[in-house]
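Model the full structure from these sequences, guided by the hints.
Quick note, the sequences are listed as chains A, B and C, same order. The first sequence: position 62 = 769 (our numbering), numbered continuously. The second sequence: position 76 = 903 (our numbering), numbered continuously. The third sequence: position 30 = 1134 (our numbering), numbered continuously.
The set of hints was computed from the structure by calculation and includes no laboratory data. From the three backbone atoms N, C-alpha and C, an ideal C-beta is built for every residue, glycine too. Keep in mind that the hints are not guaranteed to be accurate.
Stated by the list, open to error - Calculated cross-link-like contacts (lysine-lysine; reagent style DSSO-like; alpha-carbon spacing at most 27 Å):
#1 C:Lys1217 x B:Lys1699
#2 A:Lys988 x B:Lys1012
#3 A:Lys715 x C:Lys1221
#4 A:Lys988 x A:Lys913
#5 B:Lys1655 x B:Lys1733
#6 C:Lys1221 x B:Lys838
#7 B:Lys1699 x B:Lys1730
#8 A:Lys994 x B:Lys1127
#9 B:Lys1338 x B:Lys1348
Claimed, not checked - Restraint ranges, calculated between C-beta atoms of paired labels, are given here:
#10 A:Lys913 x C:Gly1136: 22 to 30 Å
#11 C:Gly1136 x B:Glu858: 45 to 53 Å
#12 B:Ala1135 x C:Thr1298: 49 to 57 Å
#13 C:Glu1319 x A:Met708: 24 to 32 Å
#14 B:Asn906 x A:Met708: 55 to 63 Å
#15 C:Thr1298 x B:Glu858: 39 to 47 Å
#16 A:Met708 x B:Asp1190: 25 to 33 Å
#17 C:Lys1227 x B:Asp1037: 37 to 45 Å
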Amino acid sequence: MLGPTLQKRWDWRAAGNFICGGTGTGLIIMAATLSAMGLVTTVYALLASAFVAAGLGLVWLEIGRPLRSMNVFRNPRTSWMTREGMVALLLIPMGLLTFFVESNSLLILTALPAAFFLFAQARILHMAKGIPAWRTHAINPMILTTGLTEGMGALLILTGLITGNIEAFFAGYGWIVALSLVFLRGVAWLNYRYSLSNNAPEETLKVLERANIVIVLLGFVTPIVLLFMGKQYAAYQLPLAATAGLFMTFTGWFLKYQIIIYAAYYQGFAITHTPARGAGKPGPGLKPGWRLPQ
Amino acid sequence: MTQESPTGKTKIPTYCYQCVAGPDLLNVRVEDGIATEVQPNFGAADCTPAGGKVCVKAFGLIQKVYNPHRILTPMKRTNPKKGRDEDPKFVPISWDEALDTIADKVKQIQSEGKIDSAGYPRVAASFGGGGTSTYYMGTFPAFLSTLTPIDMGFGSGQGVKCYHSEHLYGELWHRAFIVAPDTPKCDYIISFGMNIEASGGVCGVRRHADARDRGVKRVQIEPHLSQSGAASAEWVPIKPKTDPAFMYALIHVLLHEQRDRLDKVFLRDRTGSPYLVAPNGFYLRDPETKKPLVYDLKSKQAVPFDTADIEPALEGQFVLSGIELGADDDQWEHHNIKVSTAFEKLIEHMKPFTPLWASRVCDVDNKVIRRIALEYLDHAKVGETIEVDGRTMPLRPVAVTLGKTVNNGWGGYHCCWARTMLAVLVGALEVPGGTIGTTVRINRPASDRNDSVKLSEDGFLAYPMNPTDKENWLATPDVRNANRTLVPLVGNSAWSQALGPTHLAWMQQDKGPDHWPQATKPDLWFVYRTNPAVSFWDTEQITSTIATFPFTVCFAYTRDETNHMADILLPDRTDLEGLQLIRVGGTKFIEQFWDHQGFALRQPVTEPQGDTRDFTWISTELAKRCNVLDKYNKALNRGAAGVALKTDKYDFSLDVDQEHDVETIWDANCKAASAEITDGKEQQGLDYYKEKGYRLTDFPRIKWYLTAKMEDEGVRYELPYQETLKRVGVQLGRRLHEKGISWWDEQLEEYESLPDMMDFQALWEGALERNFGVDISDYPFWLVTSRSMQYAWGGNVSIQMIREVSKNIGTHGGLVMNTGRAHKLGLKDGDRVEITSPLSATRGILVTREGIRPDTLMLMGQFDHWATPFAKDFDVPSMNSLVPMLLDLTDSSGSGADLARVKIKKIGEVK
Amino acid sequence: MTRYVMVADINRCVGCQTCTAACKHTNATAPGVQWRKVLDFEVGTYPDVRRAFIPVGCNHCLDAPCADVCPTLATYKRPDGIVSINYDLCIGCAYCIQACPYQARDRVDVPNKAYGKEFGQMKHEQKVPHSERRAVAQKCTFCSDRVDYGTANGLTPGIDPDATPACANSCIANALTFGDIDDPNSNVSELLRTHEHFQMHEELETGSGFYYLWERK
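Quick look at the structure:
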């Protein structure tokens, strides 16, 4: 009771928003990026918008007073949740429009609110001061890189939808971008864990420790190997890229689910001194559930 | 002033007296007739010692009213078979049927004879909560008084769970049924397991918090770190039941290392220290006056203790002549024999008990023991004075307090004696800052202990000992626990039966001892606010015994383990629904020291639930139906409801032939109460009390201390030497032996003039090995208990909110064990364990804590319910099922201690 | 300026939970929800062990993380330092619950039934249902209705019971003191001047309005 306890208030629905929102915005941004490299990608804007909308829908299911949900727009001044909601109002229609008008320019333009949305999601977690696993600065690059990686992954899974995209992906810089994202996410994960190493409840660290092997193997090593293989074996580019995409996306989802559902221990309680009782002497404090005293 | 206070428009004043640390005044906020909130009564902030506040237990009262598990109509049992596994099949009945059934039983008993073949009363009654049930039972005592004799000796924890030795010896030595520090002035308190923060109520908590703020040093000596240990300047983890050794070592240091610094004037003038002790252990007396002699240093001769203008010698041996009066008619004449002063005897007696010796017994560093003795002496400020109410009195800001298990059972006598001696040696008994008493329950009058100060022939406080001489000893017990027969100290007040030995009443139901009447069952047993099937020891045995009682009437709030065996359940109105006036203020239990005294009203704050009835209505109806209405009304007029309705100053007496309604009865009591405290000048009635809640007058602070009265009356404390007890013990032994009874011989050994040290741990171990044929080393842990602030006395186990908030205190969850020890045994916090004593086994969750000795386990409170709604789902064990009731573990005062030896076994993993 | 804060003297506190219970009464909080409670800390290893009782609840922070993150402005900082919730605006997103480093916030979606569904609501639970609080964020209000009443009627919060939070009023050890820290002559200012004190999680720079006194200076 004194030590950090696991948050139970945001469940799979909230995690779903970070998963869908990250993947959806990542998909838009990656689609825009790859469109600049000659891939035909406006079609993904529909899926991306659906992702973002689904994520917000899940949140709507979780809030206590869904009929008042419009109040979410009342605090753009300081709340990243308001900002996330506001930018979604721009992002989703623009995404839909991009799909229907098949405009690359619009797609690139849509990547801007998408990036902002993704950033807002990172900041939502960052501002949650009660949960050490979220409030670290390192959550920002973590959420950003994984969102982009998931988006890239989603695009790769569905890259077969458009003829010629896979060839363009491997012929140009697309696969380098994908490799870089996987790499950067790996670095962000390392950085995230490092930032918490002496700075989070023991239980949080245990969860992240357990998740580490999955994330490193499936989210880092495997996609890199698969992408290199794709570059090497032209005949199998499509399945290899899709499989790599699968690992990129699902590892991102796994990672966020771990951070939001399992590693999210509250700060807990702590005292810096025990009192002097009457004529007695004061004593040391205690921060239960933390490996090192802060 | 535009809006209504958010604290509510309607606030009804009442009191909380759920525990002996009360009463406390409070307000209940009421919205449209529904009680919604308990609040302090700040209107009474200046005239109550706790600032008009109430503790957490009072906040359970609202749920208590509306609890869906309440019994709301009278019920009768339809399954004639009784037992834990039998469904009583209670069915609702009308009040008429319930009351007529009881009245028929009463009338039958009255007509057949009130005493049964064994000489015991056929009606018995058990009330819980250290007497606090009286403050909720309206005029029921008046009804009971028409049925006397009644056996009140079936206890529910009295004697084994109270401060029993303190009650008896405290009253004997300084009119202190309860002993407390004069906390507001005290600077140094040695507390042997006294869990004042959990059991001291609002006054206790407040006074000690103020004292801590002032910088008091309290040293808490106990096997586990209780709430009070937490709030103390120092915690000394001592082996269970070795406190006497620690205290003896403290006395040793004072007597043998620091004698010059003691309060010799106090010892000489206010105690029996200078009395001369003759060779047979009784005082040397003047042959003519029979008065004890002292040696006068001025005239260089022995003179009666009360001779004017003398300077009695405190120490030394003298060759003198005189007579010695022993037990019964024993008398010795002495010529030129060597005699010592009582103080000299004490010095000699305490010589072996060095801190080094005690350190081995108690497992406490001898340097710590010596340091505490010296700190105590340093803080005593011997020689200093203070003015109280215009009178100069000694100021001795040091005190020693004793907790449960320390001050009952074997060793209780030693601890009480040593504690009182520690006060006496520095003159800190009954003086500002020192160790003082709060109330009397054996001596009379109960309303003011100062008035109970009477001079005995020997110059001490006279004490109403039960007679042990041949002519007057009560050879045949008149109640089943034989209190007056076996325990001279227990006296014969209204409280004496309940002071036990109450377990004797239960033990004998199974098999009585030799040469003793086989105890009969009461034909009619009334039970109110008590649950012996859970709160006594060997609960399985008690439960089966209760099941054999032929006709049990339980005033029932919810179903519980005792009323599971009842024949009739009567739902009375609870704390916030009933009407009653009680006496408050003065000095009462625990630390209730007031600067006021008077009366407070308990009144309905909300509509009563269901078909519950006011206790006074029930009592009047029973009186009417039993044809004792006139006697009942006369009892009321005499003051059975708390105030005499007629004195020479006023007359509010009730017509004895009439049936009076509840409000009329209490209106008369209110008027009489007002008249009593204003000397007949005022006579505010019920309406006034309903509005205001209380009526008080001043209580002079000088009355907190006996000193003024003792000095004025020239009375001495009978310390250190216990000549009276020694004589009583010899006489009692002779009486019992004359009847062929030898089973009380061990208890008789305790009647010592200076208590001899014993190995109390070995006493427990031996008794368990003998009675259960076990090897005690198979039971490696001492099991102790500890008070729960949220539950103690509250009868509130079925209140959800109390359960909820009590969980914030970590030790409520189950069996508390030292973390390191648990680790060594491969146990983890949260494991499910079985706890086995030589008597039986129980199960619960392991709670690991650092604040407990590795050889000790602790189970807080008294749970283990199996019938009480809500509580039966707690899954928290109680030590009560593990502790046997054994004669070997009963001391001479008839008390036992909450102590067991157990082993534990893991039976399940952390969930 | 005025800033109301709570001061807990942990030399005085004995963990009796009277404040916990009083708060539950005054605010009719749901079973299991305690806006004020007292924790039982054990520090050290046997035999060098200390036990301390620590009252906790909303810290009414100067830089309240809950107010910053609230998307609806339901949680807001009053000029007198009290962090309040406008229940009618709150959407129950629970973001503030995650933002609070003091675990001071709750959300309860069902009516109060202390004895469970089977037994329904007791009369007093029906009488003060606080349905406005259902499914939205809730926490200690410093009994702001009392503070407002007091200031409107010339009473001093922290001194006059009608203007003082229920926990401080009820505390039998007088361990909890409420008052205006911006007034150098107030009860709380005096206590902070004369005692060593700390705030919980000071490193998080919340500007907590809850002070713990641990030794007299």
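Verification of the hints:
Restraint check for lysine 1217 of chain C and lysine 1699 of chain B: satisfied, since their Cα atoms lie roughly 19 Å apart, inside the 27 Å limit. For the given pair, lysine 988 of chain A sits about 21 Å from lysine 1012 of chain B by alpha-carbon distance, which is consistent with the 27 Å threshold. Between lysine 715 of chain A and lysine 1221 of chain C, the direct Cα distance comes to roughly 22 Å. Compliance with the 27 Å bound is thereby established for this hinted pair. Pair hint lysine 988 of chain A plus lysine 913 of chain A does not hold up; C-alpha atoms about 36 Å apart against a cutoff of 27 Å.
A threshold of 27 Å between alpha carbons decides the hint, and for lysine 1655 of chain B with lysine 1733 of chain B the separation of about 9 Å falls inside it, so the pair holds. As the CA atoms of lysine 1221 of chain C and lysine 838 of chain B are separated by approximately 30 Å, the hinted pair breaks the 27 Å bound. For the proposed pair lysine 1699 of chain B and lysine 1730 of chain B, the alpha carbon gap of about 24 Å is at most 27 Å, so the pair holds. Proposed proximity of lysine 994 of chain A and lysine 1127 of chain B is contradicted: the alpha carbons are some 71 Å apart, above 27 Å.
At most 27 Å may separate the alpha-carbon atoms for a hinted pair to count; lysine 1338 of chain B and lysine 1348 of chain B meet this at roughly 12 Å. The hint said 22 to 30 Å for the Cβ distance between lysine 913 of chain A and glycine 1136 of chain C, and at roughly 27 Å that hint holds. Taking the beta carbon of each, glycine 1136 of chain C and glutamate 858 of chain B are about 23 Å apart, not inside 45 to 53 Å as hinted. In this structure, alanine 1135 of chain B and threonine 1298 of chain C meet the distance hint of 49 to 57 Å, their C-beta atoms being roughly 54 Å apart.
The hint said 24 to 32 Å for the Cβ distance between glutamate 1319 of chain C and methionine 708 of chain A, and at roughly 26 Å that hint holds. Checked against the given bound of 55 to 63 Å, the beta carbons of asparagine 906 of chain B and methionine 708 of chain A, roughly 43 Å apart, lie outside it. Under the hint 39 to 47 Å, the C-beta atoms of threonine 1298 of chain C and glutamate 858 of chain B, about 41 Å apart, fit the expected range. At about 32 Å, the beta-carbon gap between methionine 708 of chain A and aspartate 1190 of chain B stays in the expected band of 25 to 33 Å.
The given range of 37 to 45 Å is respected by lysine 1227 of chain C and aspartate 1037 of chain B, whose C-beta atoms sit roughly 39 Å from each other.
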